[in-house]
Amino acid sequence: MSDLSKSRPDPVTKGTERREEFPDSTVNQIVEKSAERKLVEAAQNGDKKAFGDLIRLHQKKLFRYIYGLVGSFDQAEDVVQEAFVRVYGALNTFKPEFAFYPWLSTIARNIAFTQVNREERKESLDNLTEKGFDTASAELGPLERLLDAESEKRFYKALMGMPVTYRSVFVLRHFENMDYVQIAHYLKIPPGTVDSRLYRARKYLMDELKDLL
Amino acid sequence: MGSGSGMDHAYFKDRLSALFDNELPPQEKQIVEEHVRDCAECQAALAKLQQLEDAVKRHSELADTDYWEESAQKIERQLGFDQQTVITLVRHKWYERGLAWKALAAAASLAVLAYIGLNSDKILRQQDLEPSPTPAEEKRTETPQVSPLGIPHADSAAAQKAEPTKKPLATVRDEAARKGAGAVESQVKVEAPKAEADELAPLPAPKDVNVSVQMVRESTELGKQIVSDYATNAVPQKSRAAAPAALSAESIRTVPDEAVGRLEEESKEAAVAQIDSAVVDSMLVWWRKKRDALETVRSALPGDNAIGGLNKMAAPTNLKPAERLSPQQTRDEIERQLLEAWYNIARLTEDAEERGEAVTEIRKVADQRRSHNHAVAVDYLRQLGEE
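Chains C and D, in that order, are what the protein sequence lines are.
Counting from 1, one number per residue, gives the positions in the first sequence under our numbering.
Counting from 1, one number per residue, gives the positions in the second sequence under our numbering.
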């Protein structure tokens, strides 16, 4: 039996395909990282345009991630802005040899978690901790202007139909590629809970989006 | 261990999600993988997980719209990037204006010096060789010298011809100092000694010695040479003799270098005064903007009442409690910066009303003996002579 433990392999169907993609994506990552490092160094030397480029480079991905966590367009917007402001303020403490996005997203996540925790506490107070999955009543609001296709709207409606406890695990796993231990650490829950929440979240999405799979 | 031995199918189905993520412990992973190899349903479920992951990648991308650029600009505004750009532009403007004036002053100085160098023999003939007329003599020279036969005397006619060049160098210098560098150029133009131009042949006659680029270019090198020679006083007589015939060593040597030096200095001073004026204008604009911004901030500060306190609590802050200023400290700091702005406006402005307003504001603080900025305000008033 082949070793299936390398880089999240699909044990049956997709292992080979993943390995074929590896070289190209690695080259792209190196090129992107090199360009990003130049921008970071320039920004550290006071080049505001370079920092503007970093904002434009990462804001979309960061917004998607934070929106997935907090589930509110306005809150996500605020968190993203606040994250860039904090990062800019601490730019000189950052070592350019490291990747910029993980640092940025960690700061944004910490800001967002404050809001998520607040929301969870509020749910707890209202005895709504185990709010059910409900795609039908989920609303996208201003996010719709950022979604081109109907399939994208359906995906986000389903995502927003999840309780925040499940959604946050799903988003950390799928948008940010975190492993269970990292997710457990950030959400302050046991790894087993990560596993079970992710299982349920996936099951729910597979049911909701079965015609899109 | 067989695929189903001791464990039912539901267990394996539950573990597929963790298997897909490569999150199972090695022993459990091996057991689940063995089951999957023999179980078509679990293989299908695993494939579904892969399809879901692909679908998430496909359908979760946000569209490229104007929103992102707007959002980026909003963040940049929040970081004060646009404000900084304005300041940079203002600074750049000062710099450009400074350079322009310096270039103009330098060109004017060189034009004047070149003219003096070219016509030094004439200037000296009138200034030094011909004694300055006494008032009586001046009166006499007003009427041309006439021979007993009524024919103008030859010397008198020459003197009449030379009349335009008679204005002494000191007069040129004084007028230049009064009117600035531009005045020097126009003065030189008026003074161009057409009458004696022919005598300077083979050099081209300086018919229109002004700021025209061509003329300045032609005369600059020669003017530089003259000034340099006299400044260092190190050029041997021999090399001076190599100058064009009309600029004989004799005539050059008699140019009063002190006068040349003074004229050059005064031209520079006139240009520097213009630069200073531009800087003062820009500084005033800066301090006025700062004053307005601070006054806006001060008016928006929450007060000590209940609503103000609630607003403050609701306002987001990234500072640790120990790093936060108390409301009073914040007000004091803003007031201190405002005092600085008012002081600089009062110091720089030429508008008496604006100065009066600024002094009044400083005095208000100075009058409050309990204010933390009392001493600062009193000191500013003293420096402004408004104690």
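Keep in mind the hints are simulated off the structure, nothing from the lab.
Please read all numbers here as calculations on a predicted model, not as lab measurements.
One thing to keep in mind: the hints can contain errors.
Distance condition first, Cα-Cα at most 25 Å in a straight line; then the derived DSS-like pairs of lysine-lysine [what the hints assert, rightly or not]: (1) Lys-48/D with Lys-153/C; (2) Lys-210/C with Lys-13/D; (3) Lys-61/C with Lys-48/C; (4) Lys-57/D with Lys-33/C; (5) Lys-95/C with Lys-61/C; (6) Lys-290/D with Lys-203/C; (7) Lys-210/C with Lys-157/C; (8) Lys-74/D with Lys-13/D; (9) Lys-153/C with Lys-60/C; (10) Lys-33/C with Lys-60/C; (11) Lys-153/C with Lys-95/C; (12) Lys-13/D with Lys-60/C; (13) Lys-74/D with Lys-38/C; (14) Lys-57/D with Lys-203/C; (15) Lys-61/C with Lys-57/D; (16) Lys-33/C with Lys-95/C; (17) Lys-153/C with Lys-48/C; (18) Lys-153/C with Lys-57/D; (19) Lys-13/D with Lys-57/D; (20) Lys-157/C with Lys-57/D; (21) Lys-364/D with Lys-74/D; (22) Lys-188/C with Lys-153/C; (23) Lys-49/C with Lys-61/C; (24) Lys-48/C with Lys-74/D; (25) Lys-60/C with Lys-74/D; (26) Lys-29/D with Lys-203/C; (27) Lys-57/D with Lys-48/C; (28) Lys-210/C with Lys-188/C; (29) Lys-210/C with Lys-268/D; (30) Lys-49/C with Lys-74/D; (31) Lys-210/C with Lys-57/D.
Computed far set for chain D versus chain C, every beta-carbon distance over 12 Å [unchecked claim]: (32) Ser-60; (33) Asp-281; (34) Glu-295.
Glycine residues also receive a C-beta, built at the ideal position from the N, C-alpha and C atoms.
Hint by hint, here is what the structure shows:
no.: 1; hint: Lys-48/D with Lys-153/C; result: holds (21 Å)
no.: 2; hint: Lys-210/C with Lys-13/D; result: holds (18 Å)
no.: 3; hint: Lys-61/C with Lys-48/C; result: holds (21 Å)
no.: 4; hint: Lys-57/D with Lys-33/C; result: holds (21 Å)
no.: 5; hint: Lys-95/C with Lys-61/C; result: holds (22 Å)
no.: 6; hint: Lys-290/D with Lys-203/C; result: violated (59 Å)
no.: 7; hint: Lys-210/C with Lys-157/C; result: holds (14 Å)
no.: 8; hint: Lys-74/D with Lys-13/D; result: violated (48 Å)
no.: 9; hint: Lys-153/C with Lys-60/C; result: holds (17 Å)
no.: 10; hint: Lys-33/C with Lys-60/C; result: holds (17 Å)
no.: 11; hint: Lys-153/C with Lys-95/C; result: violated (38 Å)
no.: 12; hint: Lys-13/D with Lys-60/C; result: violated (36 Å)
no.: 13; hint: Lys-74/D with Lys-38/C; result: holds (24 Å)
no.: 14; hint: Lys-57/D with Lys-203/C; result: holds (17 Å)
no.: 15; hint: Lys-61/C with Lys-57/D; result: holds (12 Å)
no.: 16; hint: Lys-33/C with Lys-95/C; result: holds (13 Å)
no.: 17; hint: Lys-153/C with Lys-48/C; result: violated (35 Å)
no.: 18; hint: Lys-153/C with Lys-57/D; result: holds (14 Å)
no.: 19; hint: Lys-13/D with Lys-57/D; result: holds (24 Å)
no.: 20; hint: Lys-157/C with Lys-57/D; result: holds (15 Å)
no.: 21; hint: Lys-364/D with Lys-74/D; result: violated (38 Å)
no.: 22; hint: Lys-188/C with Lys-153/C; result: violated (31 Å)
no.: 23; hint: Lys-49/C with Lys-61/C; result: holds (20 Å)
no.: 24; hint: Lys-48/C with Lys-74/D; result: holds (14 Å)
no.: 25; hint: Lys-60/C with Lys-74/D; result: holds (14 Å)
no.: 26; hint: Lys-29/D with Lys-203/C; result: holds (21 Å)
no.: 27; hint: Lys-57/D with Lys-48/C; result: violated (32 Å)
no.: 28; hint: Lys-210/C with Lys-188/C; result: violated (32 Å)
no.: 29; hint: Lys-210/C with Lys-268/D; result: violated (83 Å)
no.: 30; hint: Lys-49/C with Lys-74/D; result: holds (14 Å)
no.: 31; hint: Lys-210/C with Lys-57/D; result: holds (15 Å)
no.: 32; hint: Ser-60; result: violated (6 Å)
no.: 33; hint: Asp-281; result: holds (26 Å)
no.: 34; hint: Glu-295; result: holds (25 Å)
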